[in-house]
Amino acid sequence: MIRVRGLSKWFGDHQVLHGVDLDVARGEVVVVIGPSGSGKSTLCRCLNRLEAADVGEIHVDGVPVPAEGRALARLRADVGMVFQSFNLFQHKTVLENVMLAPTRVRGVSRAEAAREARRLLERVGIAEQADKLPALLSGGQQQRAAIARALAMRPKVMLFDEPTSALDPEMVGEVLDVMAGLAADGMTMVVVTHEMGFARRVADRVVFMDGGRIVEAGEPNAFFDAPSTDRARDFLAKVLTH
Amino acid sequence: MSPILDHLPEFWQGLLVTLELTAASFAGAVVVGLAITAMRVGPVPVLRAIGTGYVETFQNLPLLVLLVLAVFGLPEIGIKAGLLATSMVVIALYEGAYIAEALRSGVNAIAKGQGEAARALGLTFGQSLRHVVLPQALRTVVQPIGNIFIALTMNTSLVAAVGVVDLTAAANRVNLVEAQPIPIFVGAGLAYAAVAAVAGLVTGRLERRLAVAR
Numbered sequence: 001m002i003r004v005r006g007l008s009k010w011f012g013d014h015q016v017l018h019g020v021d022l023d024v025a026r027g028e029v030v031v032v033i034g035p036s037g038s039g040k041s042t043l044c045r046c047l048n049r050l051e052a053a054d055v056g057e058i059h060v061d062g063v064p065v066p067a068e069g070r071a072l073a074r075l076r077a078d079v080g081m082v083f084q085s086f087n088l089f090q091h092k093t094v095l096e097n098v099m100l101a102p103t104r105v106r107g108v109s110r111a112e113a114a115r116e117a118r119r120l121l122e123r124v125g126i127a128e129q130a131d132k133l134p135a136l137l138s139g140g141q142q143q144r145a146a147i148a149r150a151l152a153m154r155p156k157v158m159l160f161d162e163p164t165s166a167l168d169p170e171m172v173g174e175v176l177d178v179m180a181g182l183a184a185d186g187m188t189m190v191v192v193t194h195e196m197g198f199a200r201r202v203a204d205r206v207v208f209m210d211g212g213r214i215v216e217a218g219e220p221n222a223f224f225d226a227p228s229t230d231r232a233r234d235f236l237a238k239v240l241t242h
Numbered sequence: 001m002s003p004i005l006d007h008l009p010e011f012w013q014g015l016l017v018t019l020e021l022t023a024a025s026f027a028g029a030v031v032v033g034l035a036i037t038a039m040r041v042g043p044v045p046v047l048r049a050i051g052t053g054y055v056e057t058f059q060n061l062p063l064l065v066l067l068v069l070a071v072f073g074l075p076e077i078g079i080k081a082g083l084l085a086t087s088m089v090v091i092a093l094y095e096g097a098y099i100a101e102a103l104r105s106g107v108n109a110i111a112k113g114q115g116e117a118a119r120a121l122g123l124t125f126g127q128s129l130r131h132v133v134l135p136q137a138l139r140t141v142v143q144p145i146g147n148i149f150i151a152l153t154m155n156t157s158l159v160a161a162v163g164v165v166d167l168t169a170a171a172n173r174v175n176l177v178e179a180q181p182i183p184i185f186v187g188a189g190l191a192y193a194a195v196a197a198v199a200g201l202v203t204g205r206l207e208r209r210l211a212v213a214r
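Heads up: the sequence lines are chains F and U, in that order.
Residue 1 is where the first sequence starts when you use UniProt numbering, and the numbers rise one by one after that.
Residue 1 is where the second sequence starts when you use UniProt numbering, and the numbers rise one by one after that.
Hints were generated in silico from the structure; no laboratory data involved.
Cβ atoms here follow ideal geometry from the backbone N, Cα and C, with glycine treated the same way.
A portion of the hints provided could be inaccurate.
With a Cα cut of at most 25 Å, we get these calculated DSS-like pairs of lysine-lysine [claimed, not checked]:
| hint | chain 1 | residue 1 | chain 2 | residue 2 |
| --- | --- | --- | --- | --- |
| 1 | U | K112 | F | K92 |
| 2 | F | K132 | U | K112 |
| 3 | F | K132 | F | K92 |
Derived coverage of chain F by chain U (criterion: at least 3 residues anywhere in the stretch with Cβ under 8 Å from a Cβ of chain U; other residues may be distant) [claimed, not checked]:
| hint | stretch |
| --- | --- |
| 4 | 149 to 158 |
| 5 | 229 to 239 |
Using the sequences provided together with the hints, build the complete structure.
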């Protein structure tokens, strides 16, 4: 579904990605972990070209990611994204947030889009918040609304860029539950996160990044129980002791 | 008051021209401002440069110079249009640069993530601007745009210098006959002040109605 080859990326003089290769199969859940500044968020943002790759190729569903214009917009319509800071449209109600892209991009009728939006809000457990503005929702509710908004486009892949990092601890669970449900339904997912428990429980494969490189990748139990690199062992020792 | 009451039809006619000029120029300035803003915040470097050049040019030339240049210069190169129409276009182009600056500051005040989220959903740059970024940006700049409207209203009085008979020119003409500058120009000033006051009221109400919880 996703194929990344030799992806390198610089911010000014600073190289944030060093020739990254990554494959994500249809229906696979890949969880990307690693320390801050390891390039995992940048990798995620390159997949739908919110960041442009400087070197390397990215294919989504067999198609190279277009550089810009309508072709890029079409690709993004098929790739859902959930952000750390939710990014719900502040001037629209939750329902309108979910309806906007289906009506404007896919040309779905408003009635149809509203029906589908209410179904999705029901699915993420916030049906009763549909007619409120985002600012009136808790962080966990906002993030679930953002997931519903992405799902409304019926994406082939979902990208999650640290979806729970901006949430109060007690709201992390409700968002992770929605994501686990999606994974169980067979959604192809790339999840950048610091939630090790989620990685262990839900991932088909864990990718550990450091210094802009993929240091280690593997099946979650094997990775968490017996990481094969010193760097990964060191990282896990730090995050798992707390 | 008698010099004004005696010449009420001239004043009325002048006020109508001023209002017409204000409304048409403002409408044009908003269109110009939106177009320039779209160019300046867009992804195409050439358009960004053109937008910036436009704003720099029109903000750094006095309106009176532009009016004189257009009214007397354009016929020289074979472009002939009515005085009033020429003035409307010049004021719209000039004030459009200010509207563009106000709008751009509004766009910059909107979190970057809003546009990113829109584009990540498959909206084109234009769609994300139109449905997500600009509606939010406009709300933050209602007051500055109201101020530009008021400034534009006052600036329309410069057309008196190129022969358009607006409120200021009408007052001037009446004064040539009556030679009572104080009541005549205070009267004209009050009419401008009334327009500005209405604009202030409208922007205040708009701002309260459009305020968004964030």
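Worksheet item: Hint by hint, which ones does the structure fall short of?
Response: 5
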